[in-house]
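Student: Build the full structure now, drawing on both the sequences and the hints.
Note that the numbering used here has the sequence shown beginning at 123, numbered continuously upward.
Hints are supplied without guarantee of correctness; some may be wrong.
The calculated SDA-like cross-link candidates involving lysine to any residue, where the alpha carbons are at most 25 Å apart (straight line), are [stated by the list, open to error]:
#1 K406 / Q192
#2 K406 / T153
#3 K142 / T153
What the hints contain is simulated information worked out from the structure, not anything from laboratory work.
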Amino acid sequence: MRSEQLRYLEAAIRHGSLRKAAQEVGVGQPTLSQQIRRLEEDLNVILLIRRANGVLPSAEARILLPHVRQVLQADRALREEAGLINGLRSGSVRLGAVTTASQILLPRVVPLYQNSFPNVRFSVWESGSQAVRDSVTSGELDLGLVVGTGAPASTASLTATDLITDEVVLCVSRHHPLANKPTVSIEDLENQSWVVSARGYALRELVDSTFSPPTQDIVYETTNPHTSILMVAAQVGIAMLPRHALRDFCTDEIATPATDWDPPQLTVCLIRRTDTQPAPAVRKLIHALREVSVEWSRNYPRRPLPSPGE
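Tutor: Put into C-alpha cells, the structure is as follows:
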C-alpha cells in the first residue's frame, strides 16, 4: 500500500469520478483505476462501486475514509516539514470560509499569503458554517473560518480559536416607519417582512432563535449580506446584519435605529481538527489569519450609521 494509492482513492471518492480524479492527480485514468484495484486487493475489501455514470464509495470505504485522509495529511506534513528545512518551497492549504470571513479577512490574508509563499497551492471554498465545519471534520479541508453566535465552537473533534467579533444590528430602509422611532422594541418587529440568511448560516440561526420571525413573514432568503442590504434599501423587508457589512455600501439608504436589546455578537472562529498537527503551510496561514484579525480588531471603528436627518 502506497500513499499514491490512498491519494487516488480519496480523489475518486471526492469527485465521484475516476476521470476527474485522474485529472486532479495528474495520471491517466487506467493507471488510477489499476492502482485503486491493487489497493483493494491489498486490503481485501471493495472500496469503489463502479457505475456507468461514476463511482461511489462502498460501505467499507466510508469507514476507512477518515483514516485515509489522516494518513494523507500526515504524509503531506512530513514532506512539508522536510521542505521547511530550506524554506517553505511546496505544500497546499485547503480553507473553507463563510461569507463574513471572506469579506472581512480574506481580501487581506490571501494576497499576503500568496506573495509570501508563491509555491504553496492555496484554495478557498465558501459555504455556510455547518458545511465548512463538516468538511473540516471529515478532513476534506485543512482549516475553516466559521461564525459562532456565542455557543462553544470547539468540540471533541475540532479546536476553535476566536478571531474577530462584530455586532449584529437591526437594518431598515430610511423610509421605513421603524427608522424614525427613538427606540425599537422586540414587539415592534411583529408583522414585519424579513430578509434573512439561508438555513445553515449562523446569522439565520441567530435571527430564528432571538427574534423568531414567522415563516410567512420571511420574504427573501439569501447567502450574501450585500444582497440583504440591497433588499432592505429597496424596502423589501427588515434584516439583522453584522455592522461591518454596512460599511461603504448603500449606507445612504439604510438606517440602524436604536433598540431596547443589546446587539447580539457574531464571532468568526478558526477551526481545525484536534487529532492532527497542522502542516507547515497550514501553520503559516494560521499565523497570517491571526495577524490580520488583530489588525482588523484594532482599526475597525464600531460607529453607528447616522440617524435619519443627520
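Student: Now tell me, hint by hint, if it's right for this structure.
Tutor: The hints, checked one at a time:
no.: 1; hint: K406 / Q192; verdict: holds, 20 Å
no.: 2; hint: K406 / T153; verdict: violated, 35 Å
no.: 3; hint: K142 / T153; verdict: holds, 13 Å
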